[in-house]
Every structure is written in C-alpha cells, then in structure tokens.
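Each chain is listed here by its residues.
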Amino acid sequence: DGGITQSPKYLFRKEGQNVTLSCEQNLNHDAMYWYRQDPGQGLRLIYYSQIVNDFQKGDIAEGYSVSREKKESFPLTVTSAQKNPTAFYLCASSATGTGVSSDYGYTFGSGTRLTVV
Amino acid sequence: RKEVEQDPGPFNVPEGATVAFNCTYSNSASQSFFWYRQDCRKEPKLLMSVYSSGNEDGRFTAQLNRASQYISLLIRDSKLSDSATYLCVVNRGGGGADGLTFGKGTHLIIQP
Numbered sequence: 001d002g003g004i005t006q007s008p009k010y011l012f013r014k015e016g017q018n019v020t021l022s023c024e025q026n027l028n029h030d031a032m033y034w035y036r037q038d039p040g041q042g043l044r045l046i047y048y049s050q051i052v053n054d055f056q057k058g059d060i061a062e063g064y065s066v067s068r069e070k071k072e073s074f075p076l077t078v079t080s081a082q083k084n085p086t087a088f089y090l091c092a093s094s095a096t097g098t099g100v101s102s103d104y105g106y107t108f109g110s111g112t113r114l115t116v117v
Numbered sequence: 001r002k003e004v005e006q007d008p009g010p011f012n013v014p015e016g017a018t019v020a021f022n023c024t025y026s027n028s029a030s031q032s033f034f035w036y037r038q039d040c041r042k043e044p045k046l047l048m049s050v051y052s053s054g055n056e057d058g059r060f061t062a063q064l065n066r067a068s069q070y071i072s073l074l075i076r077d078s079k080l081s082d083s084a085t086y087l088c089v090v091n092r093g094g095g096g097a098d099g100l101t102f103g104k105g106t107h108l109i110i111q112p
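Chains as they are written, first to last, in this note's numbering: chain A, 1 to 117; chain B, 1 to 112.
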C-alpha cells in the first residue's frame, strides 16, 4: 500500500544537539512538506519542496534544515539554533499539476513527537 | 485578520444531532479548500475537499462562499466516532504546491 512514513515516532533530544527526522513516501508525489504543531495551535509550515533538489522556506524555517536528494525522501534536521523544538512534527506529500488544484489534498505521515530533555 | 479562523469550541452535541461549523479565510487568491479531521495525538486526515458548488459525502456536506470568504461543514446524524478536531484548510493561492494554511481547528464532542 502506498503511504508516507515518518520515523521515529518519539524522539528525545538533549539541548544543543541536532536531530534528523525521517520522512519517506511511495506515493510518487512530487511535493513534500514539513509542518510543526504545538498544543492548541494550528499547523505551521517549516519547509516545502516541489521537486527533487529544490526546496523553499515556510513560515518558521529558522533553526531547521532540509534536503531533497530523492523524490521519495525529505528529511528534516532540527538544529541547536531552534530555541523551542519540542513539538509534534508532521510530514506531508501531495501530487501537483496545473489548473485548479481543488483535489490536491495532502497525505500526512503519522508524525514524530520531539521532546527536548 | 488571521489567515484561517475557526471557533475552537468545544462543541458538545448529543448523538444523532446535526452540527455545523464555519471558518473564514483571508486570502482571496486561495483556490483549494479542504476539511481535515484530526484525532487526539494523531495526524490530520483528509475528510473532504470543498467545491464552489458545494458537495456532499454521506452525512457530511461542505459549502464554500467565495464572496464572503467562508467555508462550512455540516454533519448530519452525528455519531460518537465523529468526535474529533476538524481543521479548515486553504491553499495559499497560485496552485496547490506552495503549502496549505491550517486553521487551529474546531473541537467536536459527540455525547451519548
């Protein structure tokens, strides 16, 4: 079955450490996204990528980095520069195309809960 | 004005009742609209897209009013399993690949 897989499900990080969150999809989707969700808050866009070897900053990119070397993979690194990294991180993917994109819903992975200890 | 605004609730509704909630969006260039459902501590899942002419999927009906920039979701004959947070989602305009903007969600509790 096609889907999007995030790992690990829970991640604990010490202050000052960089950590990388994995996101892999086998849906053949061109576009991939990283969102962050804090309790009682909506999802906020960190980075997105529309095509391999290209990505753009979202609304809250500071302290994060990404790469898109393969279509299937879009890992997110939370660096030590991110001052408040404890959150629920969600990766998503979508098909892209031309014209009205009304049908381009996003498929989400099951998320990674990152806690700074 | 916030990009996507929803009443956070919670809305406590008896089983079998009809419930409706709205959201408003600020970007008039948005072209794609969705309702997502998110269960506690889980990822959001697409409930339905919202089309200009309005659309129905079983007990769920979604409507879009572009002139007033609001989207609505109606749930008929509510079930206990409908308890969740419902996220109103719009794209940022200019096609579907530049990210979606999510509302903070409306928390719905269906009571037996």
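Since the hints were made in silico from the structure, they are not lab data. One should not assume that every hint holds.
Quick list of the computed label-pair ranges, beta carbon to beta carbon [claimed, not checked]: (1) A/Thr-96 - B/Ser-26: 33 to 43 angstroms; (2) A/Val-52 - B/Arg-59: 39 to 49 angstroms; (3) A/Ser-22 - B/Lys-2: 29 to 39 angstroms; (4) A/Asp-54 - B/Pro-112: 24 to 34 angstroms; (5) A/Glu-69 - B/Asp-77: 46 to 56 angstroms.
Heads up, simulated PhoX-like pairs for lysine-lysine below, C-alpha to C-alpha not over 20 angstroms straight-line [said to hold, decoys possible]: (6) A/Lys-83 - A/Lys-57; (7) B/Lys-45 - B/Lys-104; (8) A/Lys-70 - A/Lys-14; (9) B/Lys-2 - A/Lys-9; (10) A/Lys-70 - A/Lys-83; (11) B/Lys-79 - A/Lys-9.
Glycine included, each C-beta is placed from N, C-alpha and C at the ideal position.
Against the structure, the hints come out as follows:
| no. | hint | in the structure |
| --- | --- | --- |
| 1 | A/Thr-96 - B/Ser-26: 33 to 43 angstroms | violated, 24 angstroms |
| 2 | A/Val-52 - B/Arg-59: 39 to 49 angstroms | holds, 41 angstroms |
| 3 | A/Ser-22 - B/Lys-2: 29 to 39 angstroms | holds, 32 angstroms |
| 4 | A/Asp-54 - B/Pro-112: 24 to 34 angstroms | violated, 51 angstroms |
| 5 | A/Glu-69 - B/Asp-77: 46 to 56 angstroms | holds, 49 angstroms |
| 6 | A/Lys-83 - A/Lys-57 | holds, 18 angstroms |
| 7 | B/Lys-45 - B/Lys-104 | holds, 15 angstroms |
| 8 | A/Lys-70 - A/Lys-14 | violated, 29 angstroms |
| 9 | B/Lys-2 - A/Lys-9 | violated, 31 angstroms |
| 10 | A/Lys-70 - A/Lys-83 | violated, 29 angstroms |
| 11 | B/Lys-79 - A/Lys-9 | violated, 30 angstroms |
Checked against the numbered hints above, the structure violates hints 1, 4, 8, 9, 10 and 11; every other hint is satisfied.
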